[in-house]
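Spelled out, the chains give:
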Amino acid sequence: MNSLSARKAKLILEDGTVMEGKSFGYEKSVSGEIVFNTAMTGYPESLTDPSYKGQILVLTYPLIGNYGAPQEEMENDLLKFHESNRIHIQALVVSDYSFQYSHWNARDSLAQWLKDNKVPGIFGIDTRALTKKLREKGTMLGKIVFDHDDVDFYDPSRENLVAQVSCTKKHVYGNGKYKILLLDCGVKYNIIRYLLQRDTTVIRVPWNHPIRTEEYDGLFLSNGPGDPKLCTDTIKNLTEVIRQDIPVFGICLGNQLLSLAAGADTYKLKYGHRSHNQPVLEVGTDKAYITAQNHGYAVDNDTLPEEWEPLFININDSTNEGMRHKTKPFFSTQFHPEASGGPTDTAYLFDVFVDTVAQYKGISQ
Amino acid sequence: MGKTSLKKVLLLGSGALKIGEAGEFDYSGSQALKALREEGIRTILINPNIATVQTSEKIANRIYFHPITPYFVERVIEREKPDGILLSFGGQTALNCGIELFKQGILKKYDVRVLGTPIQAIMDTEDREFFVNKLKEIDVKTPRSIAVTSLDDALKAGGQLGYPIIIRSAFTLGGQGSAFCSGEEELKEEASKAFSYTDQILVEESLKGWKEVEYEVVRDRFDNCITVCNMENLDPLGIHTGESIVVAPSQTLTNSEYHKLRALSIRVIRHIGIVGECNIQYALDPESENYRVIEVNARLSRSSALASKATGYPLAFVAAKLAAGYGLHQLKNAVTKTTTAFFEPALDYIVCKIPRWDLNKFEGVSHHIGSSMKSVGEVMAIGRTFEEAIQKGLRMIGQGMHGFVGNHLRFDHIEKELAEPTDMRIFVIAEAFEKGLSVEQIHKLTKIDKWFLYKLENIITLKKELEATPSLEALDNDKLHEAKIQGFSDFQIARFVTAPAPERMEESLLQVRTYRKNKNIVPYVKQIDTLAAEYPARTNYLYMTYSAREHDIAFYDDKKSVIVLGSGAYRIGSSVEFDWCGVSALHTVEEKGYRSVIINYNPETVSTDYDISDRLYFDELSLERTLDIIDLEQPHGVIVSTGGQIPNNLAMRLHSQKVKVLGTSPVSIDRAENRHKFSSMLDTLGVDQPQWKELTSMSDIQEFVERIGFPVLIRPSYVLSGAAMNVVSNPEELEHFLKLAAEVSKQYPVVVSEFIQEAKEIEIDAVARHGTLITYAISEHVEFAGVHSGDATMVFPPQKIYLETIRRIKRITREIARELNISGPFNIQFLAKDNQIKVIECNLRASRSMPFVSKVLKVNLIDLATRIMLDEEVAPLEKSIFDLDYVGVKAPQFSFSRLQLADPVLGVDMSSTGEVGCIGDDFYEGILKAMLSVGYHIPQKKILLSTGPARSKVELINSARALLAKGYTLYATRGTKRFYDQYGIKTKLAYWPDEEKRPNTLDLIRNREVDLVVNIPKNLSKGELDNDYMIRRNAVDFNIPLITNARLASAFILAFCKYKPEEISILAWDEY
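Chains as they are written, first to last, in our numbering: chain C, 1 to 365; chain F, 1 to 1072.
Honestly, the hints are just simulated from the structure, not real lab data. Check before you lean on any hint, since a few could be wrong.
[To be verified] Which stretches of chain F does chain C cover? Using the computed rule of at least three CB atoms under 8 Å from a CB of chain C, they are: (1) 284-293; (2) 345-354; (3) 468-482; (4) 518-532; (5) 569-583; (6) 761-775; (7) 996-1002.
Backbone N, C-alpha and C define an ideal beta-carbon position, used for all residues, glycine too.
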């Protein structure tokens, strides 16, 4: 197959825009929320990131598929080169799909991988024009339509997506010194990998798991999809957690859930932050970091309660990028220190967390 | 904010353009100077490269056209007392000079602070052993290497490292110093060979075939780091990155690989302690994530200029701000103006850099490419598919190629040429696909990642489909659109689909254009905004692509823009001087209230900087793309006369498409370019010219040559720097060179002209308005005619020509300007012998020497010419050359040391890669400064003379006497000695290289006993591999200054006998 023989498909937006492209994935009409990501590498990581649940992903980098789809090797009970056990996006939209791929670690083509997961992909779209539209009008609903097989628009933000991507039962990884309870709202595997590399045992539990029933040295709140306010059970559980003193580290959705539990508010961004080049500044310092991000909602800095303070802010739009408790060992980031994909500059925060846990454990023992 | 207490900062430039150090440092220096000026810091620049933009008014506060050597820099420091110095914006030249100043304690003596990266950090990266150990401290891997002094140790080292390995010897001449060994037997053989001429060799692990990846890293004084860009070489390790096709961002690296190398880059930059910018090169195993750090450049480099243009991130500007004390997070992104400079650009396109070689210009040089750099320039193409970018790029190179396919090339040994790459390898790949080789086979031979090869194969596949299409009408829209998405030009489509005869090509490609425009298959304009459209950006940095459905920008149908066509890739005969012309024109266009628009694709230029024009189209200077842009811009007009020969050649073609060309009519341009029309015009005007004839057969040529006599000049028509142009002195040479000329262009017949010996060459650079001469600058060459004007040493105002000659030249110039109704810049070259004046060339465009004469005269001829082209009334300028109390001397820079085996001799074909221009109180002071600026030294002790033909020997009598009077010891070859004996000039005999006796010329050179070599070739044609060649080549390889022209040698010798170094004045440009 090549670009001339590919089947045509349409991308239709809720504002009536129609863009014609060609199919390279599974041939099925689908709908979802359209979001764009400006990262130049890391499509396998994005595709398997549960935070993209319900979304049609537009990649602004035009040449996609170059290194195929990675091997399905297992390591520590986890797929080594994926961020979860399946593709989560609704569909993939690119400009130039590379029908041939080349990489030592490739198992198959991206097209085949999408087909195996029944996920459509289209190319030949002016992704820059599409991105500008999303930037100007805000995130929109959209659908990919093959011939006359039309589907309705679908708004994932009304659903509790976390419940759809979270694990359903407890699973323990590793056998390290520190017991970390991982609240899985759609966790990326690299969070587990990073924790395991730091002498921990990771107890992964579902999003609504009753936290108080567990014994642990530190609590980790994972990333995940959708509107944080829909995770009412989790927020309720967390309000109990922050009355105690056991260390907490939250990432992305974890940051939002923690802030909601603390009494702050969250809101939907016009078009979110999805990229590998987001600049954040550690508040009150001259330390700046390049971070990977993937979020459509943000914490409202102005609503943080007295005992909490912003930890990082975005240098471009001053949005909240993390917060911490002024006295207790709780902190969280809106960005992704676990990267994968993206820059690893803030991986040190995992060290900070495990050090905090160690210190706490030392005290509590 | 990082406010600064700096008041005055000295910036060192990079001097003349040379291979490995070219226009990119004009860009980086200019940006740094602007960044500092913005801070209210007074800036002083030392750079003898007078053709650069950075040495123009309003960029630095003060400019010294002086050599960038510790001696002169100290003199300037002594005088200016700067409190800071910037060393990282002037390439290796500035860096080396800075290190020397530091080592000699000069910086400390005058309390000058090195801004940005500390000097110790720079030195850490420059010393190989130090560097390796430094990285070892943080467990960063470098190639494993073991130094050995015996065959046994070599074999042990081989076993230790594991095969394949590479052996290198410290002493390398002619590229004989390194060898690849796949096993012990080969190592035994190669090491024995190496030990026959050296005592120590390095046994190194071979990384042949590994991917080569580079990162541009920035760090501020707060320890904040970013990587602005990564780049991947299409050509794997083994080919110098300057010789490689490079893409940005990397295409075959996974997220994990990309970020592993990125994180390493940041660790390295922190450990070394860079403040500012650095470049780091990796080798990456194509079969795992194993890597090695190959090199770190602790300064702005060619790669950083490329990264800057590839991403839109103004690296040099930011690096200068960081040196002044700012943090990255305190600076704004200059493109969006709202977001921070602390970010990493997200590209939504691919760029492809392709080197430009000019190896055909050199006699004897090998066409193989490898670990040393030979290319003289580069292009950068932008697209939204790899196919589009590389096809654009291959056209931009400007050597008559139409893209990846559609070139009439033939290669006889495809497999060999794939495995042993030459400057043509990319086209060999095309041919290999045509011949049926598979991606797998080509990969085996080239080690190029298969992804690139698959993409190239796509182009071949589509080409075949186009060829199978019987007519344009039979080409369906999808396929036509796909061809455009894959970067096929209208020319290529015409060639494959309609296959017209050569003379109908233009018509045919225009048919394709009309046809596709009717089908609405047109390119769209996209912005380079550094953030992949995430944030709104008011960027003027644009390119065109077919992978799009809408434009990023709006067009105004108001005829208020002026398009200036740029000069394309730097190459021999056209480089930074035309960029200066283009930038000058853009400034004037803007000043006159028009929107300035530039089309150019050279990443080493200032004209492609983000703040130079209102709109920058970083795209092809082809008829097709220029018309695409004109269709959208609907400009007031187009300026074709400030970008050298590329736009000049487009003039008539644009005119035929009803495009308004500003200034001199393309019809006149054609009258000057077309030899017949020009010649008959001169005849009508009664202006003399050397006899010439355009001939198509050998017998006609022989007949003509018999009539006018040898030597004769032969050349093809329509050239800029004289490709295949040559002087021949006998029938054998004639036959030989005619073959070469025929290869350059079969469509054009050969022109044979009378060659006048011992004639002076004089040039006039001028500006006219509606045929009236407005201003002019006459300059003379030091060398007699026969040396290409680009290689000649030029003196302005002229010091040694008759007033009568000047009068006649002015008269002829006026007549030609009137006859061609010139409105704009032009240049005429003359031969003068005994007051007889002949016109040898006339170009109705800016010339190479425009910036030189403009800056010496302190009148910007291009500004004047542009105002005229915009129809402003300009009064004739009264400033006369007699008003100048000083003399400007322009001297060429050669890069022979980079071109192994090339014969460093001058001829009618240009071979210099750059130039300097210096100002002196008199001719001798001027030439001394200029010669010292291009790398000559005042000899300390002994000089070797081998002075060629009798008239050269005579020419040098006075110089030889002056040298003796100064106490120099003169060595001379046999004939030279015999000659000078007659005049009582004492010389010592030096034996020829092929004589066994001592003192031998080669020993004198290799042992550095002499520190100047004067070797004058015996005839005008480039010599063979003889004794003279051996002397010249060894002088170059052992870095002993060499002069091969008697008149230049005489001028230089008399200059340094007249002036002691301390008598050379240290005056800034504004003080003359």
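Checked hints:
| no. | hint | in the structure |
| --- | --- | --- |
| 1 | 284-293 | holds (count 3) |
| 2 | 345-354 | holds (count 6) |
| 3 | 468-482 | holds (count 3) |
| 4 | 518-532 | holds (count 4) |
| 5 | 569-583 | violated (count 0) |
| 6 | 761-775 | violated (count 0) |
| 7 | 996-1002 | violated (count 0) |
Violation of the numbered hints given earlier is confined to hints 5, 6, 7; the remaining hints are satisfied by the structure.
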